[in-house]
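K.L.:
Given next are the chains, with one letter for each unit.
4 protein chains.
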Amino acid sequence: MVVKLHEQLTEWRRDLHRHPEQGFLEMRTASIVAAEVTRLGFEVRLGKEVMVEDEILGKPSDEQTAAHVQWAAENGAVEEFLPYFEEGFTGVVADWDSGRPGPVTVFRVDMDALPIFESQDDTHVPGKLGFRSIAEGSMHACGHDAHTTIGLGLATMIAEDPDALNGRIHIVFQPAEEGARGAKSMTEAGVVDDADFFIAIHIGTGVPHGEFVSAANGFMASTKMDVTFKGRASHAGAQPEEGKNALLAAASATLNLHAISRHSGGASRVNVGELQGGGGRNVIADTASMKLETRGESSAVNEFIRKQAENVLRGAAVMYDVECSIDIVGEAISCKCSEGLAAMVGAVAKETIGITKVHNADNASAGSEDATYFMERVKNNHGQATYCIFGTELAAGHHNERFDIKEETLPVAVDVLYRTVLALNGRE
Amino acid sequence: MVVKLHEQLTEWRRDLHRHPEQGFLEMRTASIVAAEVTRLGFEVRLGKEVMVEDEILGKPSDEQTAAHVQWAAENGAVEEFLPYFEEGFTGVVADWDSGRPGPVTVFRVDMDALPIFESQDDTHVPGKLGFRSIAEGSMHACGHDAHTTIGLGLATMIAEDPDALNGRIHIVFQPAEEGARGAKSMTEAGVVDDADFFIAIHIGTGVPHGEFVSAANGFMASTKMDVTFKGRASHAGAQPEEGKNALLAAASATLNLHAISRHSGGASRVNVGELQGGGGRNVIADTASMKLETRGESSAVNEFIRKQAENVLRGAAVMYDVECSIDIVGEAISCKCSEGLAAMVGAVAKETIGITKVHNADNASAGSEDATYFMERVKNNHGQATYCIFGTELAAGHHNERFDIKEETLPVAVDVLYRTVLALNGRE
Amino acid sequence: MVVKLHEQLTEWRRDLHRHPEQGFLEMRTASIVAAEVTRLGFEVRLGKEVMVEDEILGKPSDEQTAAHVQWAAENGAVEEFLPYFEEGFTGVVADWDSGRPGPVTVFRVDMDALPIFESQDDTHVPGKLGFRSIAEGSMHACGHDAHTTIGLGLATMIAEDPDALNGRIHIVFQPAEEGARGAKSMTEAGVVDDADFFIAIHIGTGVPHGEFVSAANGFMASTKMDVTFKGRASHAGAQPEEGKNALLAAASATLNLHAISRHSGGASRVNVGELQGGGGRNVIADTASMKLETRGESSAVNEFIRKQAENVLRGAAVMYDVECSIDIVGEAISCKCSEGLAAMVGAVAKETIGITKVHNADNASAGSEDATYFMERVKNNHGQATYCIFGTELAAGHHNERFDIKEETLPVAVDVLYRTVLALNGRE
Amino acid sequence: MVVKLHEQLTEWRRDLHRHPEQGFLEMRTASIVAAEVTRLGFEVRLGKEVMVEDEILGKPSDEQTAAHVQWAAENGAVEEFLPYFEEGFTGVVADWDSGRPGPVTVFRVDMDALPIFESQDDTHVPGKLGFRSIAEGSMHACGHDAHTTIGLGLATMIAEDPDALNGRIHIVFQPAEEGARGAKSMTEAGVVDDADFFIAIHIGTGVPHGEFVSAANGFMASTKMDVTFKGRASHAGAQPEEGKNALLAAASATLNLHAISRHSGGASRVNVGELQGGGGRNVIADTASMKLETRGESSAVNEFIRKQAENVLRGAAVMYDVECSIDIVGEAISCKCSEGLAAMVGAVAKETIGITKVHNADNASAGSEDATYFMERVKNNHGQATYCIFGTELAAGHHNERFDIKEETLPVAVDVLYRTVLALNGRE
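Residue numbers (UniProt numbering), protein chains in the order written: chain A, 1 to 428; chain B, 1 to 428; chain C, 1 to 428; chain D, 1 to 428.
These are calculated hints, taken from the structure and not from any lab test.
Warning: the hint list may mix true and false statements.
For identical chains, the list gives no copy identity; a pair is met inside one copy or between any two copies.
Calculated cross-link-like contacts (lysine to any residue; reagent style SDA-like; alpha-carbon spacing at most 25 Å) [said to hold, decoys possible]:
hint: 1; residue 1: K230; residue 2: S264
hint: 2; residue 1: K307; residue 2: A366
hint: 3; residue 1: K350; residue 2: D362
hint: 4; residue 1: K307; residue 2: T287
All of these numbers come straight from a predicted model, not from anything done at the bench.
Please construct the entire structure, taking both the sequences and the accompanying hints into account.
P.N.:
Structure, rendered in structure tokens:
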């Protein structure tokens, strides 16, 4: 890889880090991605063309979306492409057609940031070097700035030598991976329907720099719910019996949700991560809202937990004669990697400078990922799919306000992926 | 009062104490009552004649009832009358008609015992004097043996001087006061429909010997429920998810029942007094049963608590996908005493030897009493009703295994009641 | 009463309504009160002179206090007096000494507003007439603007005819009645220690205009607590066992708090009015905070509930191995009115034009009031104390964003109180 | 195997099935075992010689134990050996010494029955053929009658040809496997301290007849607890506040126990299988008892759950100001099988007539087994240990009242084990 690309990767990554955009608001990011890959000679498919509106979960309100258009316009979004993303459909697919027959290989990277206030500590590198988030309250604390960068780097490599490849390559730049909200919409839009091979990537996750995991199998199926209980307020001293206590319903639901049975079919999780209720010490609480999630080692286990959770929520509403509304705001399934493809990518990685150790599979239960929707679709269509992890040193864990990566990982990742392209689609 | 009656009262009371019979099983007791009052010249109405079957709550099973017939026959029931009570309709009304016009006055005493194992302690007087319960597990620990005795004593006094009275007197011997199960059935059968005056009595309740309360106003309305949750068993280690956890439903219900709101309309109570669930440490519990009660200072308050309780129970069933059945096994309403009648009885008591102090009213919230059904009916028919308490020293509190009374209270009580008869129905 | 005072009352009330200040921030209000009564010839005692710092509950932070000084200065606070209140000790006592021997009579009014966003509805009278709150988020929604106005009106009447009175009069302008936070501090400072008579007032509370309650006996003893649970965050999918779940502790505490036993000694209440916990759907919640209150018909009953509440909170902390801190941020006791004083004030009211009906006592359990601290102190010193209510029509209930009063009640109230002064301290 | 042994196995099994004895009461069983192996020429170690008293968990009371001695004596216990077991130390170790050097191989079978009322259904084979339990309420519903029989069959085979073997063989007949109560006591007594090889067995568990599992790895570590809450009774209507509610403590504990966090280190379980509380509908419950268990895929995971459970129990006691006592009545650890030994036994089984399929390992999480104590000890001493399962058809699942096995499995199991002896200790 030429030194120039190395510098370019750092530049892209720092620019993205400085301008984090949360899920379905990646307007600046997507416009830059679209501009760059177009410049390189890719065809692009944008916005609603690659996203089914009905399958989108947890989209920000129209007001938030409209407000962000303004921000993006003022902070460097590429004018030519911004209009495609103004309603919050921020997906981009970059297509490379060699013009020759051959397999279809799809890479997927994600673009969204988190609702975290980035550290202002002097020792936090992004601050020290001047690329700390300028959008206070938003932060690339999970490395998606690096993922987008790697996607752009891979595109650059592909475009550099058009004669080297057969078949076609798609690079999917996905919005809203956090909360498992964006992938299903792009899957349903068919963006991987022609894939013979599918590779999603992540950096970090506890794997040291120089190490590589060719098949991350531990993603749990998950459902994210926003729940609201609505009751009736009343003065807690004078007429408590007139109230319908939404907070008690929520407290009871919380306790009973965590008491949902374990499952012999595999690991499961349930968590009420946030609860807010009531409107005054001396008022019977008329409203309470909860953010919760369920997980399962398999989709069947998650489905079991999810169903029990709905029973608990409905039962709590009956108990306190209050209303309960449940919004599904995120969903991920579980999917195992294809062993053949994983072995092949692992073999490529082993030969790449900068990679010192290759793990064939990591099966430990971990978080959730909606890349599994793409993977399942590809496998159902008799293609192969895998999820790879590039190790990197982290300044602090994922989702921490001091999260930062080792930028040396970027060119190594681009290198492994481009070599994989050569292995799968090379003319030799 | 002649000395002979004094001795007779002690004898009756000790015989009844030795042969306690629980609610709707008072076959021996009722047969003796019927025989005694018949001997004295009263007319009697028995069993189903004075009880509406559909209004009976918490009746023992047919098996328990049949088994007790045998016990009663072997332990001194009067053969002539036993057949009237064999199906568990154990009410007796003794009627005295003076043959002259005049008011109708009704007295009510109760006959049932409690499911308590009587103390075997050497210092417990019934044991020491040889009249400890011979029916292990049953005990007169609330004084209903004394109440029945007082009713028989009053009948004796009335019969002694037929010329002294005008009008008619009924003495109601009620089964199953414990659990508030018997009075409604007799009320609906019309046994107080002709009453101008109605007086129910109790002894003890913390009032010292020699003191008298002419109007106990504090009885709370109450509902008694037996609740069963039925789920599905499963091995807790191998397949916990196959179970439907009835015990968790019951535990959750218990907690949320106690969390039912207080009421600004007056005192309320809720208590899960018993809970039994599960059938093995390593089995997801498929069954759980609860005995609970609600109370309210007024019937409206009790109704509020009862309705919330049903919501909680149904909600718990929804939460754990189990079935819930609710049986109402007892019910009492609240009813205030008629001030006029209470004042009159109080005045009579004040003039009676053995009564040193008269309290016109006691309004403190206390337990529940189904005599309130009779009282409400009488008051609705424009009669007057009151509930009186004869103080006595107690060896231990009501419902305690060492409960015992001071027998000197018996003749004093009979005296006050007979003087009341003279005041209400006397010929002069 | 002269028409001029009538207009003045309206003017004061609307100015105060337009400039609401929450508890311990009544700097503008107190400075105006101090200036007015000084102008009228009263002596004043201010700030820390009439408040014991250690007895203050739920005081805003130093930052909030400092920020409010600025606001007060810019919005009409009287420069001469503002310095006395800058640290948030906002009590004022206005003293009138006739120079002649005679009884000491104390009146108490309160000055603080509520954290409520006043209605912007067109039909809301304060908006329509231009005196809607200019301090967004604060509102006089309980009528304390009227109470302060009545206090100033009473001072005006007293000052108008110095020769009419014997003895001494104090008018206590109390901060922070909401949340029951200010009275104890002034009581401990001794401001009613010399009182022979003490009268606190309120308007509204459901009593119609023209009616008057001379003895409001139903205030419940109450304790207000802010509770925080602190645990340890962890990723809910990857390592749930590393977390210490503060939200589960709070949910469990909430449920068990409401399940605290009823008390046979009188009405009780417990309410968790607000609960906020957690910091992300997929994070084991490391913090949760609750606002709760207990109440009792008597101080003993409240003490019982409070003690149980502490057990529940400590137990929940043990259950989830989290830390629990409990801050008492408000406290009121219960106190019955002196019958003699109440009868006297009732008789005065009955003779006042504008009062059409007098209720001698209202014993229904209601909210809580920290005026009870003053009352208890006066009664302990062998004085007499009562709490009076002036009925008024309300546009919406107390603490509602559309609360408004009928201003015609103001001169009637001043009239009744001044006539009471004449009855207690008049020279003939 | 000679036909005679085949018949003998059936006879032993049916006799044992007809005379089931629960944990630490296997007096008849142990006396017969001791007599049989003595007859065959084994040395025996009995009772306290092979059990450390302090390590015994969940032993029946002295009264229950004494009562059972009588039953055993009257129902066929061998008089000569009964005295060794009268105090409930019912372990037997049968030792065979070839007199030649060689390895020490230990087999372990268990002897105890369950507290289950055996089916009286006509189609239940033990009833039909006349060997239904004569000890009502006890039943061999887990197949330990078969295990003991297999142990005796193996002893018979060993004794038949003394010249065939080198080294030494121990057969451990363990009491009280149910509830995981007996193995630790025998382990601590050193009965496997000299073992080079250790093999425990089970039949059934869902494996079909003819199939064999050479290494059951899925046993979870587990802790069994009996918990009692003691509070204070009080009349629920008259003085609820005087009570200390043990049942509410237990209900709250139950709910919060099930809400203990999942663990990323592996499968976990928690179950409150039984709860009994209270002593009357209208009494604040003063006592409640629970039977519960925790499990973990590893001992570390179980330890985590157990520790949280103790926090919850202690916290519930603090909440309701009641006392909590926790008795550990059973404990099992997790232990993986030695691969070498398992492979060897699997190879032997594959060559045995009657075995149609061999599974090398079953790693699915299942119940718990205290044989793991023996296994861990052997492995710590550098021996090898495994746990084998002989498939058999079951009439109904383990612990079901209609449980029954296919007796054809017995000779096959004996055959596999004897061939294993030959493989490990054969002279060739």
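K.L.:
Are the hints correct? Go through all of them and say.
P.N.:
Structure-based check of each hint:
| no. | hint | in the structure |
| --- | --- | --- |
| 1 | K230 x S264 | between (35 Å within a copy, 22 Å between copies) |
| 2 | K307 x A366 | both (21 Å within a copy, 24 Å between copies) |
| 3 | K350 x D362 | within (16 Å within a copy, 34 Å between copies) |
| 4 | K307 x T287 | both (23 Å within a copy, 22 Å between copies) |
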